[in-house]
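A.B. asks: Chains as they are written, first to last, in the working numbering: chain B, 1 to 316; chain R, 1 to 134.
No wet-lab data here; the hints were simulated from the structure.
Glycine is no exception: its CB is placed at the ideal position from the N, C-alpha and C atoms.
Here are the in silico distance ranges between beta carbons for each label pair:
#  : chain 1 : residue 1 : chain 2 : residue 2 : range
1  : R       : Lys104    : B       : Ala307    : 55 to 61 Å
2  : R       : Pro114    : B       : Gly200    : 44 to 50 Å
3  : B       : Arg18     : R       : Lys104    : 21 to 27 Å
4  : B       : Asp274    : R       : Asp86     : 26 to 32 Å
5  : R       : Gln126    : B       : Asp199    : 45 to 51 Å
6  : B       : Leu279    : R       : Lys104    : 46 to 52 Å
7  : B       : Ile272    : R       : Lys104    : 48 to 54 Å
8  : R       : Met69     : B       : Ser88     : 34 to 40 Å
9  : B       : Val280    : R       : Met69     : 53 to 59 Å
10 : B       : Ala210    : R       : Lys127    : 56 to 62 Å
11 : R       : Met106    : B       : Gly58     : 38 to 44 Å
12 : B       : Leu13     : R       : Asn128    : 32 to 38 Å
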Amino acid sequence: MSDASMDLVSRILGGDRRAVARLMSMAENDVPGVKKILAELHTHTGRAHIIGVTGPPGSGKSTLVDKLTLEYRRMGKTVGIIAVDPTSPFTGGALLGDRIRMNEVALDRGVFIRSMGARGHLGGLAKKTGDLVKIMDAFGKDMILVETVGAGQSEVEIVGTAYSTIIVEVPGLGDDIQAIKAGILEIGDIFVVNKSDLDGADETARELDAMLDMNPNDSGWRPPIIQTSALSGDGVSRVVEALTEHMNHLNETGNLHKLVRARARDELRNIIIDHIRSLVDARHDSEEFETLVDSIVAGELDPYRAAEIYLKTLEG
Amino acid sequence: MAKKIRVLIAKPGLDGHDRGAKVVARALRDAGMEVIYMGLHQTPEHIVEAAIQEDVDVIGLSLLSGAHMTLIPDVMELLRENGAEDMVVLGGGIIPDKDARSLKDMGVSMIFGPGTRTDEIVEYIQKNVRVADE
Ligand SMILES: Nc1nc2c(ncn2[C@@H]2O[C@H](COP(=O)(O)OP(=O)(O)OP(=O)(O)O)[C@@H](O)[C@H]2O)c(=O)[nH]1
Ligand SMILES: [Mg+2]
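Start from the sequences and build out the full structure, keeping to the hints where you can.
C.D. replies: Here is the structure:
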């Protein structure tokens with residue numbers, strides 16, 4: 001490893017915020033050499049409690065994250081926040097506005113907030129988020145909160161890497177109840193009905209409760225439904241309690257070990273796929289490759305056989 | 001994955017609205033940049049801390065209140081203290097020429113007056129930001 005990389009590692013372990021921020025950018029941009037640095041940091045990870053926060057746009061996720069962070073800071077815990085927002089598929093640009101709601105904790109040196117554009121990573125978003133989580137963990141953050149807009153499969157994948165997942169809904173679900181059924185119900189460990197200062201919170205909580213009754217999971221954990229008003233902070237301490245109980249449950253049942261193993265499995269798989277893809281990309285216009293293409297076109301080889309031959313050369 | 005330009009847009013001071021800042025933020029997003037939008041009433045401390053954590057290339061400060069001669073120098077000073085003086089700082093709003101000159105002496109890269117077209121700002125950023133990381 002280069003001196004510059006070693007220096008970055010020791011600065012991060014020493015708590016240097018600029019080094020942390022820089023490495024996060026390097027990971028997001030897939031800068032050459034970043035894998036070695038992440039590998040070096042890996043031995044310093046595994047202590048953080050990773051919490052996913054997801055739900056529809058505007059449901060109050062960032063406001064809740066801000067208030068949860070205040071609670072954890074009162075308890076003496078340090079907090080890392082990763083806020084993921086959609087990237088425009090047309091321009092590649094993104095407007096990352098979650099920080100607006102996190103002003104209360106933004107100057108606290110025990111808190112580190114990072115905004116991230118989803119950047120249309122094909123299936124790679126979970127990996128990038130995982131890299132940032134790893135860096136926060138090595139940086140020594142006790143609690144890592146990952147906010148994503150609950151809209152699609154990639155968000156489900158991201159929160160899938162969390163130990164505890166909070167689903168934030170708002171009163172008056174109405175037709176949304178169908179959307180919730182599809183996918184979200186299974187991944188939620190804690191359901192929050194936020195904006196309970198508005199009408200209809202009780203009814204929404206009842207509907208969610210009935211849906212959870214109809215879809216029991218086999219983890220032995222019945223997700224609680226908690227009404228909050230994140231703006232005023234009402235109910236937020238109960239979310240913190242529920243998170244602690246969930247973590248205890250994971251520990252006692254051995255489910256935490258299963259989750260850790262599933263994370264490690266996904267990570268290994270993603271790294272391997274990444275590696276193979278870059279091998280293929282690096283040589284996709286090599287002479288061997290083009291010769292094989294010619295043979296297929298000339299009818300001398302079928303593409304399946306050609307792929308087998310090519311894979312043998314990659315192994316070498 | 002190509003490097004994306006990251007820009008922080010904030011409105012320090014006590015001004016009442018952030019329409020102009022939002023227009024600029026959207027234009028930069030539409031030009032393919034990642035824009036961290038902080039909104040109104042930001043202190044220099046908040047701005048610099050966010051710029052560091054977000055590892056931005058550019059800080060855009062929008063001001064109308066006339067407090068630019070205290071707020072912008074404070075931001076520049078904090079950037080220096082944090083070893084982040086390599087970030088490109090842009091100012092926007094009603095800033096007299098004389099003040100604009102002294103702000104540039106302090107390290108502000110460019111001041112955009114009222115009526116600046118957003119594509120001029122986009123172009124300026126694309127020309128003046130380091131493209132390769134590391
Ligand atoms: N009435 C009420 N409004 C709230 C509450 N919590 C948040 N809000 C408001 O809801 C709006 C959205 O809040 P955010 O925290 O930005 O919501 P979000 O889910 O993070 O939004 P996105 O990240 O854009 O999806 C803001 O105007 C908040 O002030 C609440 O408990 N009650
Ligand atoms: Mg948000």
